[in-house]
Amino acid sequence: TGVTVDKSTLDLFVGGADETLVATVNPLDATDSSVTWSSDDTNVATVVNGVVTPVGVGTATITVTTADGGYTATSIVTVTKPVTGVTLDKSILNLIKGGASETLVVTVDPSDATDPSVTWSSDDTSVATVANGVVTPVGNGTATITVSTVDGSYSATSTVTVTTPVLGVTLDQTTLSLTTGGTAATLTATVAPTDATNTTVTWSSDDTSVATVVNGVVTPVGAGTATITVTTVDGSFTATSTVTVTDPVVPPTSVTGVTLDQATLSLTTGGTAATLTATVNPSNATNKTVTWSSDDTNVATVVNGVVTPVGAGTATITVTTVDGSFTATSTVTVTDPVVPPTSVTGVTLDQTTLSLTTGGTAATLTATVNPSNATNKTVTWSSDDTNVATVVNGVVTPVGEGTATITVTTVDGSFTATSTVTVTDSVVPPTSVTGVTLDQTTLSLTTGGTAATLIATVNPSNATNKTVTWSSDDTNVATVVNGVVTPVGEGTATITVTTVDGSFTATSTVTVTDSVVPPTSVTGVTLDQTTLSLTTGGTSATLTATVNPSNATNKTVTWSSDDTSVATVVNGVVTPVGEGTATITVTTVDGSFTATSTVTVTDSVVPPTSVTGVTLDQTTLSLTTGGTSATLTATVNPSNATNKTVTWSSDDTSVATVVNGVVTPVGEGTATITVTTVDGSFTATSTVTVTDPVVPLTSVTGVTLDRATLSLIKGGTSATLTATVNPSNATNKTVTWSSSNTSVATVMNGVVTPVSAGKATITVTTVDGGYTAVSTVTVSNPRPVSTPGTGTSATTQPDSDFEVLVNGKPESAGNVSTKEENGRTETTVAVDPDKLEDRLASEGQGAVVTVPVPNMTDSLVVEFDGQMFSSLNDKDATVVIQTDRATYTIPADQINIGAISDQLGNAIDLKDIKIQIKISEPSDTMKNIVDNAADKGKFTVVAPPLDFSIQGTYGGSTIEISKFNVYVERLITIPDGVDSSRVTTGVVVEPDGTFRHVPTQVLDINGQHYAAINSLTNSTYALVWHPVEFSDVENHWSKNAVNDMGSRLIIEGVGNGLFQPNRDITRAEFAAIIVRALGLELESGSAPFSDVSSTAWYNQVINTAYKYQLINGFEDGTFRPSDLITREQVMVMISKAMKWTELNAKLTAQSVNVTLAPFEDAANASAWAQEGIADSVQAGIVTGRNGSELAPKDNITRAEVAAIIQRLLQKSGLI
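For the sequence shown, the working numbering assigns the number 600 to the initial residue and increments by one for each residue that follows.
Everything labelled a hint here was simulated from the structure, so no lab data went into it. Quick caveat: nothing in here was measured; it's all calculated off a predicted structure. Just so you know, nobody snuck in bad clues.
Straight-line alpha carbon distances no greater than 27 Å define the calculated DSSO-like cross-link-like pairs of lysine-lysine that follow:
#1 1810 / 1738
#2 887 / 1535
#3 1810 / 1706
Construct the complete structure from the given sequences, taking the supplied hints into account.
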């Protein structure tokens, strides 16, 4: 009559034990009590004779059925997968108090457990809290984070350590003045913040011969200046104090008289200045300062003894001692010279046609102006179709497909030459599609409801044709257009996306269900408060709207304020804005019922909270050119500061730009991103390193030498071996050199120097692969030569096989001789013109002629004849004099052989003129002048000075070549034992004792440090140490630029160690700074402006800036030196300076409008200034104020000038 089972439900586990259901057939004495068993889902559970076996997660119904009568009974079986364990991805976490949270990732085993839910806890919430795995640091200490599974209570832990990092350190005294042998002084270091975990510091002195330091106690040792540095162990933050140690005062010695070395001078108008040397007696006088004057500055001027001719006539130069007013005089006679100009007769181009590709590499056209000695060889360049190609200084850049004619025109005579440029497009191979995916594999929609969007991702991301088509297999259920799926009717449909390229597909299953609910209309709305009283800047208040009836279908409301200058409202949250009254209205979407509340906002004065500092979440960033941007997050302290506004800047926008903390990589290099608080100007920085994408390496396959054997003479000239690494495009072509017997011959960078008689094997080895090549060197003893009339003496046999390199290829084209005079040894290398001419003819234009002399004597002279130099000039060659102490690189066109010939006599054959390029140690007198200049300039000479000079000679006449039209480089070797970081800059020291900065940068070439000095003149050069730190820029955004420019003798402070970075600057002050920055020699005479007095301190700098075409003045003939200079005036002068540094030649052709488009106030710039402003912006020298403003009419500050000048020199590659 029926059947029952003993359990109506069963709970089983996957992989767990079976369980048995017992069936009872009624009545108990039924004749046929047999039954059958079944499961409605055997994927969940199976049943045999009542024994239920779990199979998979889910629910199944077990049914027992009687054979007699078909009666049934059921039991619901639920099968689950239990949790077996839990782990965390990190067992240890190190966090920073107040810093970013970090997330622990939990893994519940098995991954498909039915209930993977977990709970989180911290055993010390004063150290760290946890929510959903996100661990937030709270206070210093250690806490254990525990995750527990709800199913099974399995747990895993992670130990969290929270520390407070050191953010900085300060010293109580930034300067100390001590006396040799006197009492020590104590510096006290304060580590910030005060609750930092590790406040340990270390102390050091950069010159222990001046002062030592132990635990902050500074002990004076000897006279001089030393920097005491305290460094935190945590973070390596530093603070410094400058210690000046002086010796006891020595009583002064009075002056008794003064004399001059020359009683008369004869000079030529516009010619070379002459130097008068004053001798103050006695030689040990305490104050040997003198002043100089001329009784007629229209005839001659004098500065520090240097007499400059101005106009024809006679003048008396007087030197006067400051101590005692003793005087001495010299009579100067100035006469006028006459030099005829040489006219241009024509111009040619090296290429009459060019073939370029759109977007490809630019090409260079070289113009040759005839004759080679023409006075004015200036040319201009133009393109007749800049849509096809542009040209700047001969560099032709392809723009678009087509043909353009490039024309070069001489300024003198307007002679022209042309080249036809053809630009074609290049084809880029397509990238095929490899697949497609959808962001959702299932969708659930409602009939008549909102559509949903599927997003297709085509792979790879750079596929050429990413077009796809969409389809639905049942448009009665759902349709699809461009991924937008619209529900139509109840049912299931498959949406398919198909790529046009390759027909790859992806699908999503859409289920559409019906849902019909009769709407209930709105009958009204009320607010919980009909009035509100708020305070400007105070807390917002919330109005709650109640829509009637409570079961209304559409209870959506909108909010509005009738005066948003008083109060705004968003979703009922009322925010006070300004004093006054406003009405807040809530309106129902259904029926437009309204309710209102009157808001009264009053002002209340709240004392502002000042900013005390700012930090960045990342102090370094590593990005890739063209890669993803990164975001820096600034934290302004304290957290309740009133004005937390910050500005962002990059010190090199050619490397990386920053907008609102988002840092975008631009080009390879390093840039410093600075965030500055508007309140207090506190700063924090992050160093961004941008690298180019990795290019696959090309391995070295071998190396060869140009000579298998060498024959040298002991004490003779070195020879050069040239190594060729294969293949020519190998990535790492670095090689090392070694000698098997350095007592016979040594080798450095391929230059083999003979030491003593014997044989040695020179081996070159590639760094990549260790491939080798060898050359056998035989060194012989020199042959003695007797010198008649001198008794017994010997000299080294002259070497006629001296090797000169032309484009790195050796040519025996030099004769070497050595002489001694007055205890000084001078080596002369006379270059053979015939041999060199033959080599030059085969090398073509732009050859580099190198004269290598590995072991420089006291003086080195390299001699060419005038005809040879004329040929070098015609071929646009460069001459390089290379020694172990310095390398002098001179473009041949900087030695005007035509002008030299004119001065020496027109009838002279150029072959009879000698051009002598000389590098030498200064005389003892000049060394003393350098030492005195160092004392006067308060700098330290860190390497022996060197003289560089060039002269043309014929018979007994000599013409000095002391000025150039371009920067000429001298690469001075920094001696072993000299710390290269203590080379602040290079200086020129003149014979009168004056000195000036010249642009200098320290280079590391193959492990040897050099100072690259670029200058427009010849003279005596020295490397100096002159560190400057102004106390009032310590926390200023311009600190690095200001201290760098001060250390380089370009800018000066205002006294007492101050700079006043925010003070505006005058036109005269800026003229002085840009003249010093470029290392220009001051021009004598009066500036050509009516308001610039010849006695004014700024007369010479303004005159110099004018002669170098850096300034023009105003239309009324004035310069207005005391006016404050504007930003646009500065940018125009910077643009003119870029022509001297040749930075403008590196700029790509770009319209002014395009360059200035990012700046909101570009239209405010004067028309005459726009081109100069655009050059400064495009070069990355000027980045604007606050990112989007040029502020062209605003005055410029001293700090901004320091930063702009530093960028000019850096972008020009001069520092």
